[in-house]
Amino acid sequence: MRLPCPICGERDRREFYYKGAALERPAPDAGEAAWDDYVYLRENPAGDTRELWYHDGGCGAWLVVTRNTLTHAVIGAELASEAKA
Amino acid sequence: MRYSGFRVIKEALTGHKGWTPAWRDASPQADYDYVIIGGGGHGLAAAYYLAAQFGGKRIAVLEKGWIGGGNVGRNTTIIRSNYMLDGNEPFYEFSLKLWEGLEQELNYNAMVSQRGILNLVHSDAQRDGARRRGNAMILNGSDAELLDTEGVRKLYPFLNFDNARFPIKGGLLHRRGGTVRHDAVAWGYARGADQLGVDIIQNCEVTGFRIENGKVKGVETSRGYIGAKKVASSVAGSSSRVMSLAGLRLPIESHVLQAFVSEGLKPTIPGVITFGAGHFYCSQSDKGGLVFGGDIDGYNSYAQRGNLPVVEDVVESGVALIPALGRVRLLRGWGGIMDMSMDGTPFIDRTPIDGLYFNGGWCYGGFKATPAAGWCLAHLLATDTPHETATAYRLDRFRTGHIVDEKGQGAQPNLH
Chain A
1 MRLPCPICGE RDRREFYYKG AALERPAPDA GEAAWDDYVY LRENPAGDTR
51 ELWYHDGGCG AWLVVTRNTL THAVIGAELA SEAKA
Chain B
1 MRYSGFRVIK EALTGHKGWT PAWRDASPQA DYDYVIIGGG GHGLAAAYYL
51 AAQFGGKRIA VLEKGWIGGG NVGRNTTIIR SNYMLDGNEP FYEFSLKLWE
101 GLEQELNYNA MVSQRGILNL VHSDAQRDGA RRRGNAMILN GSDAELLDTE
151 GVRKLYPFLN FDNARFPIKG GLLHRRGGTV RHDAVAWGYA RGADQLGVDI
201 IQNCEVTGFR IENGKVKGVE TSRGYIGAKK VASSVAGSSS RVMSLAGLRL
251 PIESHVLQAF VSEGLKPTIP GVITFGAGHF YCSQSDKGGL VFGGDIDGYN
301 SYAQRGNLPV VEDVVESGVA LIPALGRVRL LRGWGGIMDM SMDGTPFIDR
351 TPIDGLYFNG GWCYGGFKAT PAAGWCLAHL LATDTPHETA TAYRLDRFRT
401 GHIVDEKGQG AQPNLH
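Quick note, the sequences are listed as chains A and B, same order. Heads up: the first sequence begins at 1 in the numbering used here, then just goes up one per residue. Heads up: the second sequence begins at 1 in the numbering used here, then just goes up one per residue.
Because the hints were derived from the structure by calculation, they are not lab data. Treat the hints with care, since some could be wrong.
Stated by the list, open to error - Here are the simulated lysine to aspartate or glutamate pairs, DMTMM-like style, with alpha carbons at most 20 Å apart:
| id | chain 1 | residue 1 | chain 2 | residue 2 |
| --- | --- | --- | --- | --- |
| 1 | B | K169 | B | E212 |
| 2 | A | K19 | B | D295 |
| 3 | A | K19 | B | D405 |
| 4 | B | K229 | B | E263 |
| 5 | B | K229 | B | E212 |
| 6 | A | K19 | A | D56 |
Said to hold, decoys possible - Short derived list, chain B residues pointing at chain A, Cβ under 8 Å:
| id | residue |
| --- | --- |
| 7 | L139 |
| 8 | R241 |
| 9 | L250 |
| 10 | P309 |
| 11 | N414 |
Claimed, not checked - Which residues of chain A face chain B? A few of them, derived with a C-beta cut under 10 Å, are:
| id | residue |
| --- | --- |
| 12 | G20 |
| 13 | P26 |
| 14 | V39 |
| 15 | Y40 |
We treat Cβ as the ideally placed atom computed from N, Cα and C, and that holds for glycine.
Model the full assembly from the supplied sequences, consistent with the hints where possible.
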């Protein structure tokens, strides 16, 4: 599996650290239910999913990668700092 | 039909014409008392114990493919009771005790082989950890023995003891652990359940739940609507997909775990060995192939195949531990989909929907749990209370702060 880093180009999966689903972080005072949901509960879709990868073996950028969990096809990647959650 | 040595001889002398199918291929009835989704080891075991131990009647197991075609047929067949935490170890010890009596109970040869599991240690800190774990195991009624280097050398002289980076300093030996013929577990439970009147319905995919006023009424399937008083989901790997049909989100991610088998060899490895300095474990099947595996691939996946970096990592670890493996040819590898939970611990619990029950989140430890998971799910279905060994496996434990994190990794499923 290769991921298209917007800064470095297409790179091997081993250069990246996987974090998990790209979720919108709740406000600090959003309450227990919102934080429980954010930290622990997942859609875990079978199909396209948006997830966070960190390019620790390259430029050090956090990426939001769109990937298919059924086929492992990588559809696209953008910088997390520029991505809308 | 009861299986016995006498029966084998009789059939051999009469042309094997008397054997009958081990279970019926049932068609769905209009409604049941209990519907269990998932004809894997756990679902079939739950149906069996529900009928055998809790007097359950009118039970159906729904399987979208064929029984035993999921993770019960895609694992590395290891059974063990060597967990540390109080929420876990009594459950796994209960499971190991059920394994020990399984073949007599089911009248089915599942080739339960208690050949021992050795967890190697490579440093003082690991030895301390192993001693602590061993004591926790013994306190919960399991068995553990701490071996020094010479003790390990006596059992496995071919390991790389003098590896400069990871010398072998001993190991924790769990003699009652071992391996089981995994397909036979599914078939044995299916046969046992069938004899007690359970309908095993294959090629029957659940496509939706009928829920009225917060109570489940039945399931929509590819073979029509089936009514049920109680429905349990036991579909680890696909839990999020099935439970999303009931509108539930779970503390679970699906990940792919690979395993490998070598060409057949003469008897080489008598027990199960795990490397302490990398994620690698290995045993030898009765057919002679070395069965081994390591880490999950580390990213969410529903594809039953993994990628090459993990193959390389597992093989490197294997050769570091057993240099002789370098001459062995790999025969095949495969991937299975794991329910990786947020704390590495499973769930056997009711759901917010009345009459809907959930068994899942088994990470890569579901096979060894099969008998106890089935028993505890049956207990929950029959009595609406958790079995005494499964009280920690609650779905809401993250919200209430009662997580059971054996590895101490936090809410990062790919690290458990």
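Inset, instruction - Measure nothing beyond the straight line between the CA atoms of A/K19 and A/D56; if it is 20 Å or shorter, mark the hint as holding. - result: holds, 12 Å
Legend entry - Status of the B/P309 interface restraint (C-beta, 8 Å, chain A): Cβ of B/P309 sits 5 Å from chain A, so the hint holds.
Legend entry - Restraint outcome when B/N414 is required to lie within 8 Å of chain A by C-beta distance: For B/N414, the interface hint holds, since the closest Cβ of chain A sits about 6 Å away, which is under 8 Å.
Legend entry - Cut-off 10 Å, beta-carbon criterion: hint that A/V39 touches chain B: For A/V39, the interface hint holds, since the closest Cβ of chain B sits about 5 Å away, which is under 10 Å.
Inset, instruction - Please work out if B/K229 and B/E263 have their alpha carbons no farther apart than 20 Å. - result: violated, 49 Å
Legend entry - Interface hint for B/L250, Cβ within 8 Å of any Cβ on chain A: Constraint on B/L250 satisfied, holds at 7 Å.
Legend entry - Satisfaction of hint between B/E212 and B/K229, Cα-Cα up to 20 Å: holds, 12 Å
Inset, instruction - Sort out whether B/D405 lies within 20 Å of A/K19, counting only the CA atoms. - result: holds, 18 Å
Legend entry - chain A contact restraint for B/L139 - C-beta distance below 8 Å: It is violated, given that the least Cβ distance between B/L139 and chain A is near 30 Å, above 8 Å.
Legend entry - Given pair status - B/E212, B/K169, alpha carbons within 20 Å: Between B/K169 and B/E212 the Cα gap is close to 60 Å, so the pair fails against 20 Å, i.e. violated.
Legend entry - Supplied contact hint for B/R241, tested at 8 Å Cβ to chain A: holds, 5 Å
Legend entry - Interface restraint verdict for A/G20 against chain B (beta-carbon cut-off 10 Å): holds, 7 Å
Taken one by one, the earlier hints fail for this structure at numbers 1, 4, 7 and 13, listed in ascending order.
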